Amino acid sequence: MTSSINDSVIEYLLGTNYDAISTTAGLAAVFALTLLLLQREMVRAHGGERAARWIGGLDVAVLPLVVSFGMIVLLRLLQLLPE
Amino acid sequence: MIERHAWAAYLAVAVAAEVALPFNPMVTALIDSAVLVVVLSHFGWAQRSPLAIGEPGIRLLPAVALLPLLRVLSITMPVPELSPIFWLALAAGPLLFAVISTARLTDIDVREIGIGVVPRDAWSGLLIAASIPVGIVLGGLQPSFLSIDRDAAFAVGLAAATLVAGSAIAEELVFRGILQPLMGRAIGPLAILLTAVVYGATYLGSQSLAVAGIMALVGLAYGVVVARSGSLWGPLLGHSALILAAIFLAPIVLPSA
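Protein sequences, first through last, are from chains U and S. Everything in the first sequence is counted per our numbering, starting at 4 for the first residue and increasing by one. Everything in the second sequence is counted per our numbering, starting at -15 for the first residue and increasing by one.
Relax, there's no trap hidden among the hints.
Ranges between beta-carbon positions, derived for each pair:
#, chain 1, residue 1, chain 2, residue 2, range
1, S, Gly38, U, Asp22, 40 to 50 Å
2, U, Leu41, S, Glu(-13), 14 to 24 Å
3, S, Val237, U, Ala55, 46 to 56 Å
4, S, Glu(-13), U, Ala48, 19 to 29 Å
5, S, Leu177, U, Ala55, 26 to 36 Å
6, U, Thr37, S, Ala36, 24 to 34 Å
7, U, Pro85, S, Asp93, 45 to 55 Å
8, U, Gly50, S, Val(-1), 33 to 43 Å
9, U, Ala48, S, Asp105, 45 to 55 Å
10, U, Ala48, S, Phe138, 45 to 55 Å
Covered, in the sense of this in silico footprint (three residues per stretch, anywhere, with C-beta under 8 Å from a C-beta of chain U), are these stretches of chain S:
#, region
11, 42 to 52
12, 63 to 71
13, 75 to 81
14, 120 to 126
Quick partial rundown of chain S residues pointing at chain U, CB under 8 Å, derived from the structure:
#, residue
15, Ser17
16, Val21
17, Ser58
In case anyone wonders, no lab produced these hints; they're calculated from the structure. Owing to the predicted nature of the structure, the values given are computational and were not obtained by experimental measurement. Ideal Cβ placement from N, Cα and C applies to all residues, glycine included.
Generate the whole structure from the sequences, applying the supplied hints.
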């Protein structure tokens, strides 16, 4: 009964191997993060008076995606650890 | 001209991704990841032009990005080993950070968001009261997916707090707090209707058209009350009452739920 975690998301996450999730949806999120970070560094290197606002716009998604990336990596590492 | 209205195209693609969610969440995640990058890159690119910076359609772009971000986080953040109730908190935490970043970036203050205004109209009170029966109906239409030990007070309290923070507060801040006022600057009162439609679309993942339709109507009512009272507190408390009624009251009132 929530918009973020709903039946479709739960069915997908519980019914799919985490390897498959992390190499599709997870990889897409990591790729998006990479593009945003790349753009962020290019803008920062170029500088200019409007660079701060441009970077601010990118930062809307950068930190949340960094947290998401950390979660994906952490879960993959935990999978590799011996039981 | 095209640049001013590009937000509508991005929003349409994000809504289309929501339509795909019940069929293939992976496709939704791929589309939303791409939309997220394109929308924020567009916002940044538009900063080159002094004329575009003050343009409402450009300032709306970071708010539009919250929708695909919500979905990407909801699919990539959950830990399968944990109970879905904790997934809400995991997805909502980074999203709330994005809400704060968007508010700062678009110069929208707490008063415009509606948090700094105490509601004094009867409509806000009525909205909160009406949300409880609506929540019970929704709980009857779609039984709860959350496995909560209803006999343990601590578990119930923790679940209730997570639902309020992860669902009611996060959704109201994104849709009625940020998206609706920024869209209102671009298209006027029509923003209330459009925000409600987008909000209803995010519930298509519930795999119930009835639930999505009711939530669109709920979003419309919340949007109207925010526009009239200037306060977000009515929808915040109303949504909290709705979700708690759906999860905790519906199974008692409607045993079939």
